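Here is what each chain is made of, one letter per residue.
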Amino acid sequence: MAVNNNLQQEFVKKWRDNAYGCFTSGHKFCREVCPVTQVTRNENHTPTAFHANIVAMEQGALSIEDIAQDYVNCTMCGACELRCPNTLFTGDFYRHRTQTVKVVKAMRALAVQSGIEQPNWKRWVEATVDKKSEPVLDVPINQDNVAAWAKGLDLPIGGETILFCDCEAAFYRTSVPRATAMLLKKAGIKFGLMREQWCCGGPAAEMGYTDHARVFAEHNLADWRAVGAKRIIVLDPHDYITFTEDYPEYFGEDFDIELVYITELVADLIRRKKLKLTKPIKRVVTYHDPCRLNKRKGIFESPREILRSIPGLTFKDVDHVTQWSYCSGAGGGFAVERPKIAEEISRRRLAKAAELEVDTLVSACVWSERPLSARGRELKPKVEVRDLMELVAESAGLDYGGVKV
Amino acid sequence: MSVVTVSDAVIEELKGIVGPEYVLIDKPARYNRTRVPAPFPVHRWGDYVPDVVVLPATAEEVSEVVKLANRFKIPIVPRAGGTGLADGAVPLRRGILVDIKRMNKILEIDLEDRAVTVQPGINMLKLNEELKKYGVFYPDDPASYPCSIVAGRIGTSGFSLISSRYGHTRDLVMSMQVVLPTGEIVEVGDGGGRKLRKSSTGFQLKHLFMGHQGTLGICTEATLELVPRPEAEFAAFFGYRDFEAAYKSTGAMTKSGLATLAAVVLFDDKKVQYLRRDDEAYIPQPKSVNSVIATAIYGVEDEVRAAGKRLLRIAKETGGKYLGDEVSQGDWASRHDRYATPLHGRLLNGQVVPMCWHCEDSAINYSVIPKVRKEWHSIAERYIKKYEIFDDWGCFFYTNAAYKPWGDYLAEIDIGIWEQRLNEENWRAWVECKREITQVALKYGGSITACHGSTREGDAEFVPVEMKGGFEVMKRIKKALDPNNIMNPGKNMLDKAYED
Ligand SMILES: Cc1cc2nc3c(=O)[nH]c(=O)nc-3n(C[C@H](O)[C@H](O)[C@H](O)COP(=O)(O)OP(=O)(O)OC[C@H]3O[C@@H](n4cnc5c(N)ncnc54)[C@H](O)[C@@H]3O)c2cc1C
Ligand code: SF4
Ligand code: SF4
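First to last, the sequence lines map onto chains E and V.
FYI, this note's numbering numbers position 331 of the first sequence as 344, with every residue one higher than the one before it.
FYI, this note's numbering numbers position 44 of the second sequence as 50, with every residue one higher than the one before it.
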């Protein structure tokens with residue numbers, strides 16, 4: 014082994030077998046589903062390259078300085094892992110799955126540890142030090158107004174069940190948490206808010222700032238414990254990934270919090286008739302499978318079940334496997350560093366929706382909604398982007414208000 | 007052969023041609039564009055790294071890049087998907103690598119005359135996603151369907167799994183635009199209109215630009231056949247007690263005259279054993295099954311139903327046992343993904359190690375299949391015993407002729423290689439093994455390759471042997487078109503054209 018320094022040596026040791034699993038096949042089945050590669054057509058940005066670089070590192074041919082930039086080009090959607098024949102065929106037997114998302118995340122962390130930082134990520138993460146929340150542009154953000162979205166809803170603090178509201182939803186698309194909170198109340202679910210809610214820490218971790226991410230995680234877990242929370246209702250797929258994948262890694266066995274994803278809960282409420290959808294919604298819609306729900310967590314049925322139960326709706330579905338090759342471009346901090354490519358990824362997603370001649374694209378990921386909405390407004394005729402919970406609340410006859418951007 | 011390196015002045019000119027953003031000189035860009043599927047000599051990775059990578063967007067840009075390379079006598083190599091199994095896209099002499107993946111637009115869909123014109127950087131699966139809306143498809147269907155690219159299919163003259171029904175790449179590309187090694191842009195194909203299937207004017211130039219592995223120019227546009235999407239698909243897998251019975255049954259099926267028969271694949275006992283080893287995706291078969299035939303019929307409903315019945319009858323009469331709908335449909339549907347999954351390799355002592363896949367793909371006649379197969383396995387066995395890095399993953403035989411199942415066969419032996427253990431000694435052993443396998447194919451009147459090309463060490467040396475007098479013609483053509491030997495130099499023994 015000819016790797017350059019200790020950190021890199023450790024990294025290669027940890028990831029080399031996974032890298033070789035890809036390298037020895039190297040067929041690049043993943044390439045044409047990767048949303049970034051579909052736009053840039055640059056082989057540096059392919060999952061294949063992400064693994065080959067590690068083999069080259071082992072050879073001493075490439076170092077973290079050479080490759081750090083390339084690992085920015087990933088939305089962490091997970092499409093490549095699903096498309097990989099290694100996962101499909103040998104995965105189960107050998108408990109071997111080509112891990113690409115984790116590799117990208119780890120490589121970004123190695124970059125930061127090695128003192129190689131990306132300017133926009135650095136700025137982003139630094140801004141969260143004071144704000145404790147995602148630094149959303151042009152919106153006053155601080156702990157005093159983190160729950161401003163809930164004004165007039167009369168939600169308690171604490172309790173066994175907590176609704177965790179994503180930063181994007183808390184400050185930018187407040188219609189989503191409002192709609193969600195109101196329909197949960199209507200269905201008789203008892204839940205409260207946190208005393209002090211910080212960012213889940215997921216984005217910082219994805220940008221490579223692991224220590225920083227952990228501070229957020231520790232704060233949030235402490236807050237949950239302090240208010241007696243046992244169960245968290247999650248309404249953003251990114252938070253869901255952070256809570257189900259990062260937090261257990263940070264806290265190990267101690268992490269005993271139950272996590273419920275909102276679409277699973279709402280589908281169940283509808284099924285059990287705790288929530289009645291009566292007001293017809295006359296729209297022609299298709300559904301955008303958020304990457305983290307569909308590709309990474311395998312949640313694709315409950316959102317469809319909910320859509321099918323809304324009266325008046327014409328639902329033109331595209332199966333969840335076809336959607337492996339779509340992405341909004343909003344994930345993995347990608348849009349912060351590569352806004353133009355991210356924009357093109359969203360544009361292509363909307364073009365696919367427009368082919369189905371729909372007036373609405375429904376998403377279940379609040380992060381995706383700002384970029385997708387912007388691209389939907391460019392189309393003629395326009396395609397509006399709505400959150401699934403907004404439609405549910407509307408059909409349940411709730412006037413939820415809030416802001417949509 | 008001296009290696010010319012690319013000067014800063016040339017790099018500046020390249021930036022002027024394709025735009026600075028699309029000239030890559032960073033190390034990872036160059037390292038990753040050397041790599042092809044395994045076995046890739048990791049220990050020699052650094053030897054074949056191009057000096058600069060360009061990502062052009064148009065034929066004009068490609069032409070200017072080629073002219074520049076020709077002026078400075080810089081080696082230039084086109085790269086498409088980088089999935090070729092014969093090292094065609096590996097820049098043996100460094101130089102400029104032209105990555106055409108950005109050229110992936112669909113230029114025209116002509117449903118009236120049934121042709122689609124594309125830039126060559128598009129992948130078949132992506133193209134067919136678009137074509138689906140129109141009820142047509144482009145039926146070039148290699149096992150690398152999700153990853154290989156039209157230009158690479160042309161560069162290698164690839165093999166399509168459903169070719170007995172629809173033809174291979176060379177039959178499906180109607181015409182193309184090529185940038186010659188001196189930079190001129192020309193159209194080749196039958197007739198002047200780009201969309202003719204048959205003419206009789208002049209030389210048949212299209213075939214000259216099929217499978218040349220980037221040694222005669224760079225394809226920048228292609229017009230492809232559009233066929234109706236099959237209304238019905240019937241896949242049937244049959245099990246046999248031994249290879250001999252399956253072999254005979256293959257003959258009966260392929261000579262039956264069924265026009266809709268798209269594929270007949272014969273898996274030998276070693277292949278069945280390999281699949282059985284530990285692959286959960288392979289649905290367990292009774293022990294009595296030692297060889298398998300996979301078939302597929304494509305066409306309109308009425309034809310397919312009738313042909314399916316006939317095929318089942320032929321199989322039964324020749325000792326085949328239908329393996330059931332689950333195996334047949336599932337395994338045929340997943341055929342694209344069944345290749346190249348590592349971690350199947352086993353050493354002599356049974357230990358599982360992450361091996362890579364190397365396939366040897368000769369074209370041979372039906373009559374010699376049993377002999378070739380036997381000799382190939384015995385070669386593999388010798389190397390497995392001597393070097394602890396190989397494994398025999400069995401053979402299969404695919405109908406190879408276009409529009410007719412009874413032609414010759416693509417014969418493939420798959421060898422697992424433990425790539426992590428490649429050093430110079432093991433690498434030489436592998437090349438030797440490959441040479442022996444190649445020679446068997448030639449001995450029985452076969453060809454070195456049916457689709458991957460003969461640009462890898464162990465094959466390349468035998469090009470003059472197989473081509474005989476034709477090799478003289480090849481050399482003259484190469485020298486006439488590429489006076490400075492800049493296009494993918496070092497491949498196919500074509501350097502010999504410049505020796506005298
Ligand atoms: C899992 C797997 C399964 C496979 N199954 C099959 C199969 O069933 N049938 C089959 O035929 N092959 C198969 N292959 C091999 C490979 O996919 C084919 O050889 C394919 O045609 C190569 O395409 P590519 O786009 O990757 O080309 P590359 O590997 O990039 O290039 C191939 C050759 O074409 C040349 N070339 C590239 N672009 C141009 C251009 N614009 N103009 C001129 N020359 C050019 C290159 O220089 C090179 O010599 C398989 C490979 C894998 C990994
Ligand atoms: S990630 Fe999987 S599909 Fe992609 S090149 Fe590697 S092994 Fe192949
Ligand atoms: S996770 Fe998504 S964006 Fe990242 S490499 Fe894989 S397919 Fe591409």
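Note that these hints are calculated values from the structure, not bench results.
Take the hints with a grain of salt, since some may be wrong.
[Said to hold, decoys possible] List time: in silico DSSO-like cross-link candidates among lysine-lysine, alpha-carbon distance up to 27 Å:
#1 E/K353 / V/K111
#2 V/K392 / E/K395
#3 E/K329 / V/K132
#4 V/K33 / E/K27
#5 V/K212 / E/K365
#6 V/K485 / E/K393
#7 V/K485 / E/K395
#8 V/K212 / V/K485
#9 V/K33 / E/K26
As the structure is a computational prediction, the values presented were derived from the model and not from experiment.
Taking each numbered hint in turn, which are not upheld by the structure, reported in ascending numerical order?
2, 5, 6 and 7
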